[in-house]
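Could you build all of it, start to finish, from the sequences and the hints given here?
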Amino acid sequence: MVVRKVGKYEIGRTIGEGTFAKVKFAQNTETGESVAMKVLDRSTIIKHKMVDQIKREISIMKLVRHPYVVRLHEVIASRTKIYIILEFITGGELFDKIIHNGRLSEAEARRYFQQLIDGVEYCHSKGVYHRDLKPENLLLDSLGNLKISDFGLSALPEQGVSLLRTTCGTPNYVAPEVLSHKGYDGAVADVWSCGVILYVLMAGYLPFDELDLTTLYSKIERAEFSCPSWFPVGAKSLIHRILDPNPQTRITIEEIRSDEWFKKGYVPVRLLEYEDINLDDVNAVFDDPEVDKEERGNEPSGNEDMRPLILNAFDLIILSQGLNLATLFDRGKDSMKYQTRFVSQKPARVVLSSMEVVAQSMGYKTHIRNYKMRVEGLSANKASHFSVILEVFEVAPTFLMVDIQKAAGDAGDFLKRLACSIGQMQQPTFRYVERWRRTPFPRHQVSQNFQVIHIQEDCSLY
Numbered sequence: 013m014v015v016r017k018v019g020k021y022e023i024g025r026t027i028g029e030g031t032f033a034k035v036k037f038a039q040n041t042e043t044g045e046s047v048a049m050k051v052l053d054r055s056t057i058i059k060h061k062m063v064d065q066i067k068r069e070i071s072i073m074k075l076v077r078h079p080y081v082v083r084l085h086e087v088i089a090s091r092t093k094i095y096i097i098l099e100f101i102t103g104g105e106l107f108d109k110i111i112h113n114g115r116l117s118e119a120e121a122r123r124y125f126q127q128l129i130d131g132v133e134y135c136h137s138k139g140v141y142h143r144d145l146k147p148e149n150l151l152l153d154s155l156g157n158l159k160i161s162d163f164g165l166s167a168l169p170e171q172g173v174s175l176l177r178t179t180c181g182t183p184n185y186v187a188p189e190v191l192s193h194k195g196y197d198g199a200v201a202d203v204w205s206c207g208v209i210l211y212v213l214m215a216g217y218l219p220f221d222e223l224d225l226t227t228l229y230s231k232i233e234r235a236e237f238s239c240p241s242w243f244p245v246g247a248k249s250l251i252h253r254i255l256d257p258n259p260q261t262r263i264t265i266e267e268i269r270s271d272e273w274f275k276k277g278y279v280p281v282r283l284l285e286y287e288d289i290n291l292d293d294v295n296a297v298f299d300d301p302e303v304d305k306e307e308r309g310n311e312p313s314g315n316e317d318m319r320p321l322i323l324n325a326f327d328l329i330i331l332s333q334g335l336n337l338a339t340l341f342d343r344g345k346d347s348m349k350y351q352t353r354f355v356s357q358k359p360a361r362v363v364l365s366s367m368e369v370v371a372q373s374m375g376y377k378t379h380i381r382n383y384k385m386r387v388e389g390l391s392a393n394k395a396s397h398f399s400v401i402l403e404v405f406e407v408a409p410t411f412l413m414v415d416i417q418k419a420a421g422d423a424g425d426f427l428k429r430l431a432c433s434i435g436q437m438q439q440p441t442f443r444y445v446e447r448w449r450r451t452p453f454p455r456h457q458v459s460q461n462f463q464v465i466h467i468q469e470d471c472s473l474y
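Per the numbering used here: the sequence shown = residues 13 to 474.
These aren't lab readings, by the way, just hints derived from the structure by calculation.
C-beta: ideal position from N, C-alpha, C; glycine also.
Please note that a few of the clues may not be correct.
Estimated spans, in silico, between C-beta atoms of each pair [as the list claims (entries may be wrong)]:
id, residue 1, residue 2, range
1, 217, 381, 19 to 25 Å
2, 44, 65, 28 to 34 Å
3, 241, 281, 29 to 35 Å
4, 227, 154, 40 to 46 Å
5, 137, 63, 35 to 41 Å
6, 365, 411, 14 to 20 Å
Calculated cross-link-like contacts (lysine to any residue; reagent style SDA-like; alpha-carbon spacing at most 25 Å) [unchecked claim]:
id, residue 1, residue 2
7, 74, 91
8, 34, 270
9, 59, 419
10, 34, 355
11, 34, 90
12, 74, 112
13, 34, 389
14, 138, 87
15, 74, 162
16, 93, 399
17, 428, 107
Here it is as structure tokens:
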């Protein structure tokens, strides 16, 4: 097996994939530290005129060094690729925790909200406005602490410009002034998004959620929502002050910090001293690439007789929680993370073909390349698109694993329907590896041919 390296990093399997980038697990061979390596194709970035956006994202992540923000370690360039080396986060998305566990307790929701406010306030102090805050962009580390990620839509202040004018972000979390196209304060708009997130944490659903975008925007602009009966008075009052449609009277982060409900149980974050941040090298990533000699080992060409990627011990450690491989098939624990997998003893082509039939029968589009399939479609509320990546791996000569990861959007409904379809199959092609703490479909629907296995692991997307 060819070991691939970029600089001092040994590259493992792909743990995430989007339209313009892949995220791979990697290990620093000098320190043994695990990292996430975001790999971007230089020609694709230039072709789609994304150079400025990538430079901005790199600059922002270099500027923002905070315990509740995903850390950028370094950036490496070759003739053909840009490698962004990021902190490796093992706890998954906060979004998944809500989707599969339901609403959080008051104490847990407040703790995450406190950490979110700490991180966002720090970003604002550096002149950085996220503009796409939502649970999908909030990750959890191994200790359960929040990590803000995905600064692709973030804005840095320009000389002489006080208001931002680009409409971006996810509609359900966007402030009303952003939708008005009249200019807005990035910091004030971020506060609104934080309020929507707090509501979702405590309710388990969105305050503004309509199938029709016109109706959705209308409700956001009027702040037309209601809090469920179980919201405590303090939280309800704070949320109403945050979700104020008038940005001039909306509560500020400083005022949020003074709120009695917010202050309960608050633990101040300990900021570390970092060296001076220099952004001069950001342009060099694109203007003066290093020679590809830094990259050793090649991936198979498209002309070779491809077979599923073989998972070795290194990969299995990545898939397990921490270094405890026993948790890979542990049925007894209750602290689920959020990854979907199937195992099968059928030939790889049969496995992939079966998955394609299931996805297409649901009306979703599929794209297959080698032993990887992308599924695309509309989310359950038809308000946004989602995509997931299904990849077949060989664990042993007669034992395959299908790993399913979300690439974009809310794929929860698709994954539940997929589980039901596989559970109802008549032939024992798959055994379903469960990702939900609570069974997402009636247990009697699962055929006796399919064994449900509980696992505890996650590989986060960036």
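Verification of the hints:
no., hint, result
1, 217 with 381: 19 to 25 Å, "violated, 36 Å"
2, 44 with 65: 28 to 34 Å, "holds, 33 Å"
3, 241 with 281: 29 to 35 Å, "holds, 33 Å"
4, 227 with 154: 40 to 46 Å, "holds, 41 Å"
5, 137 with 63: 35 to 41 Å, "violated, 27 Å"
6, 365 with 411: 14 to 20 Å, "holds, 18 Å"
7, 74 with 91, "holds, 22 Å"
8, 34 with 270, "violated, 41 Å"
9, 59 with 419, "holds, 22 Å"
10, 34 with 355, "holds, 24 Å"
11, 34 with 90, "holds, 16 Å"
12, 74 with 112, "violated, 33 Å"
13, 34 with 389, "holds, 20 Å"
14, 138 with 87, "holds, 20 Å"
15, 74 with 162, "holds, 13 Å"
16, 93 with 399, "holds, 24 Å"
17, 428 with 107, "holds, 16 Å"
Going down the numbered hints, you'll see the structure goes against 1, 5, 8, 12, while the others check out.
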